[in-house]
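Q: Protein sequence lines, in the order shown, are assigned to chains A and B.
For our numbering, add 1313 to where a residue sits in the first sequence, where the first one is 1.
Oh and the second sequence: position 446 is 427 in our numbering, straight run, nothing missing.
Because the hints were derived from the structure by calculation, they are not lab data.
The beta-carbon is built from N, C-alpha and C at its ideal position, and this holds for glycine as well.
Just so you know, not all the hints are guaranteed correct.
[What the hints assert, rightly or not] One side only, chain B facing chain A, incomplete, derived with CB under 7 Å: (1) A39; (2) A41; (3) A389; (4) V391; (5) G462.
[Claimed, not checked] Below, computed lysine to any residue pairings styled on SDA-like, alpha-carbon distance capped at 20 Å: (6) K198/B - P177/B; (7) K1371/A - M87/B; (8) K159/B - R1391/A; (9) K1371/A - S242/B; (10) K107/B - I1368/A; (11) K1332/A - M87/B; (12) K1371/A - A164/B; (13) K43/B - V123/B.
[As the list claims (entries may be wrong)] So the derived label-pair ranges between C-beta atoms look like this: (14) P86/B - S1333/A: 19 to 29 Å; (15) L1340/A - S533/B: 33 to 43 Å; (16) E1370/A - S443/B: 51 to 61 Å; (17) A102/B - K1371/A: 16 to 26 Å; (18) E1370/A - T174/B: 22 to 32 Å; (19) S(-7)/B - L1366/A: 21 to 31 Å; (20) I209/B - E1370/A: 27 to 37 Å; (21) S1331/A - N511/B: 33 to 43 Å; (22) L1336/A - K549/B: 55 to 65 Å.
Now for the letters of each chain:
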Amino acid sequence: MYVLREFLTIPRNRFKPSKSLSLALSLVLLYLFVTMGLPFLSKAAGFSEEHQLIIDEKIEAGAWFYIFVEQIRDIEPRVTHSLQYSPGMEEEGQ
Amino acid sequence: MSNPTNPKSKYSFLLKFEDYWAIWLGAIILILSMFLFFANPPANMDKIIADSNATMQAEAEKAPFKTIAWLEANDAKAGLKGTSAPLAKSVSKYFTVPGSWSDNPMKSFFLSESDAKAKSAASAEKYEKAKVATTEAKAAAVLAEKAASEASFQDTELNKEAKTKIAAWQKAKADAAKAKSAAETKPYNHFTTMIPLMIVLALLFGIGKHFMGESAKKFLVAFPVVFIVAALSFFLGGHEFAKAWGLEYVMWAIILGFLVSNTIGTPKWIMPAVQTEYYIKTGLVLLGATILINKMMIIGIPGVFVTWIVTPVVLITTFWFGQKILKIESPTLNMVISADMSVSGVSAAISAAAACRAKKEELTLAVGISITFTAIMMVVMPLMIKALGLNPVLGGAWIGGTVDSTGAVVAAGEILGPVARDVAATIKMIQNIMIGLMAFCIAAYWALKVDVDKSKADLKVSSAMREIWNRFPKFVLGFLGASIVFTLIYAGMGSDSSKVLIDNGTSSFLGSLQKWFFALAFASIGLSTNFRELGKYFKGGKPAILYVCGQSFNIALTFTMAYIMFMKVFPQITEKLMQ
Chain A
1314 MYVLREFLTI PRNRFKPSKS LSLALSLVLL YLFVTMGLPF LSKAAGFSEE
1364 HQLIIDEKIE AGAWFYIFVE QIRDIEPRVT HSLQYSPGME EEGQ
Chain B
-18 MSNPTNPKSK YSFLLKFEDY WAIWLGAIIL ILSMFLFFAN PPANMDKIIA
32 DSNATMQAEA EKAPFKTIAW LEANDAKAGL KGTSAPLAKS VSKYFTVPGS
82 WSDNPMKSFF LSESDAKAKS AASAEKYEKA KVATTEAKAA AVLAEKAASE
132 ASFQDTELNK EAKTKIAAWQ KAKADAAKAK SAAETKPYNH FTTMIPLMIV
182 LALLFGIGKH FMGESAKKFL VAFPVVFIVA ALSFFLGGHE FAKAWGLEYV
232 MWAIILGFLV SNTIGTPKWI MPAVQTEYYI KTGLVLLGAT ILINKMMIIG
282 IPGVFVTWIV TPVVLITTFW FGQKILKIES PTLNMVISAD MSVSGVSAAI
332 SAAAACRAKK EELTLAVGIS ITFTAIMMVV MPLMIKALGL NPVLGGAWIG
382 GTVDSTGAVV AAGEILGPVA RDVAATIKMI QNIMIGLMAF CIAAYWALKV
432 DVDKSKADLK VSSAMREIWN RFPKFVLGFL GASIVFTLIY AGMGSDSSKV
482 LIDNGTSSFL GSLQKWFFAL AFASIGLSTN FRELGKYFKG GKPAILYVCG
532 QSFNIALTFT MAYIMFMKVF PQITEKLMQ
């Protein structure tokens, strides 16, 4: 009811068809940019091979903190164990 | 805002300000997550850890390379995950964000049972083949290792052969794991989890709004719209090429919000839920619980030098350069870009912006510049390192210290190879840990030096201290407090158990929830920003110049330090990492 009341009290001139149309058009263009533009740019920049590797390995290249990157969960113990239990420890006299 | 010195209650201010609510909400969520994970550890956790450690120790003393038993023990230990517990799984599913997709956009939200079955069936044959290949590769690895063992691991050729066969088995195993995940595709419907999540988040933040003296009803009505923009940002960021370019939900949330606010204009009734700082501060308190100081030494002294020495030097120098040479008008913009570029991209930008109370347009600009440069650097840097023929450990450390976001660092490392990827990711992780201290230092610097009211310069010490306290962003204490508490818990539990219950438990669980908080924050930024306003901050291209100059200095200094540390001072660590 509250939303309905709010909608009804919005002045008529807020609903300008041209503005609504430009929003709809912008959203369509955004979708096309993601689905067609980005793959095209990938090819155009010569990054196809590298991007395909990132896609195949399911790396979220935009993830901005270490807890958001799935691969870190395997990498961290691997690095820790490699340093803690380094093969050849006996030969090195450790 | 209400008067904090309300005589009715001495402590009523603790419920009337956004900063305190961020701390309360964060604390409630953290306590619940601790109950969820610490009370439900995986079965036989301690035994598996002890057995794995004993095996790795024995194998490391026996052979000069990672044997099959060593690798299996590593996998057994790494496979222990707090998130695997049934209760944790059933709660975590409600925090799921719209997923990856390529050709069919609906797959981001929904996969029917028949589609899941069809996908599984299509991958079943591949999985069967991969299983056979793994068995064969393991048999070959066992034989090669046995031959090397019979020569007491003294025959270099046999050792080399065993290492090659073991590496081939590891590769086959990884391929089989990927094929298995495709062959066991399960149906999902994210709408059934997103709607309850939206209701819970609306109530959680709405309660805070009520106590802050604002209309909870208006907030609750408006919240779904911001939530939908956030969900759509995950959808766009879920496209495979958006992920490959490193264009995550943060950018799409801003753009989607922009499109609404700069076309039809954000309706007034939505504005009560457009609460950038409220969402960011709560998200940052949760983020604090994942900043574990214990991880600082994970790669030893070289890692500390490449991150904790180089990064502050670059941050301070870049800020100074922006103030004195480029003469950037806004010190907050300068600080956000300097932190973003030198520390760890978006995470540092968010923390720095909240700590120095930068404008939302300044944060948007810093994030935009960072994402653009990172998209290019994460592909160009590994190609350059390959062309230069650098050692993978050195190359990895260089990438880890310079490429902004962690995901991009892993991607860049992957292009170089497994050793470089592991080193790069570890260096970046250590650098990530800096953001807690960085946020505290920035908040303190701003309270002490920048936001100073000159008319109050002659105040007594006690009054001056009160002034500083009033200016200090309180949520930073929650952010830092969460980090200290979890660091102490981590140390108390021991690194092995902590990895299971914190790294693969609370941190993983909180991570999904934080993504929602930050998506809501960036959607709010977009919904409340005028594109023309944003242009003003880019005056003369100074922000981009600052980023380029700072990053160039960062690249040079990080390479120098990484070279000295990994190649000259600690070559034995490099050697171990190469294994």
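Q: Give a verdict on every hint.
A: These are the hints, each one checked on the structure:
{"no.": "1", "hint": "A39", "result": "violated (9 Å)"}
{"no.": "2", "hint": "A41", "result": "holds (4 Å)"}
{"no.": "3", "hint": "A389", "result": "holds (5 Å)"}
{"no.": "4", "hint": "V391", "result": "holds (5 Å)"}
{"no.": "5", "hint": "G462", "result": "violated (18 Å)"}
{"no.": "6", "hint": "K198/B - P177/B", "result": "holds (18 Å)"}
{"no.": "7", "hint": "K1371/A - M87/B", "result": "holds (19 Å)"}
{"no.": "8", "hint": "K159/B - R1391/A", "result": "holds (19 Å)"}
{"no.": "9", "hint": "K1371/A - S242/B", "result": "violated (33 Å)"}
{"no.": "10", "hint": "K107/B - I1368/A", "result": "holds (19 Å)"}
{"no.": "11", "hint": "K1332/A - M87/B", "result": "violated (27 Å)"}
{"no.": "12", "hint": "K1371/A - A164/B", "result": "holds (16 Å)"}
{"no.": "13", "hint": "K43/B - V123/B", "result": "holds (15 Å)"}
{"no.": "14", "hint": "P86/B - S1333/A: 19 to 29 Å", "result": "holds (22 Å)"}
{"no.": "15", "hint": "L1340/A - S533/B: 33 to 43 Å", "result": "holds (38 Å)"}
{"no.": "16", "hint": "E1370/A - S443/B: 51 to 61 Å", "result": "holds (58 Å)"}
{"no.": "17", "hint": "A102/B - K1371/A: 16 to 26 Å", "result": "holds (21 Å)"}
{"no.": "18", "hint": "E1370/A - T174/B: 22 to 32 Å", "result": "holds (26 Å)"}
{"no.": "19", "hint": "S(-7)/B - L1366/A: 21 to 31 Å", "result": "violated (56 Å)"}
{"no.": "20", "hint": "I209/B - E1370/A: 27 to 37 Å", "result": "holds (31 Å)"}
{"no.": "21", "hint": "S1331/A - N511/B: 33 to 43 Å", "result": "violated (18 Å)"}
{"no.": "22", "hint": "L1336/A - K549/B: 55 to 65 Å", "result": "holds (58 Å)"}
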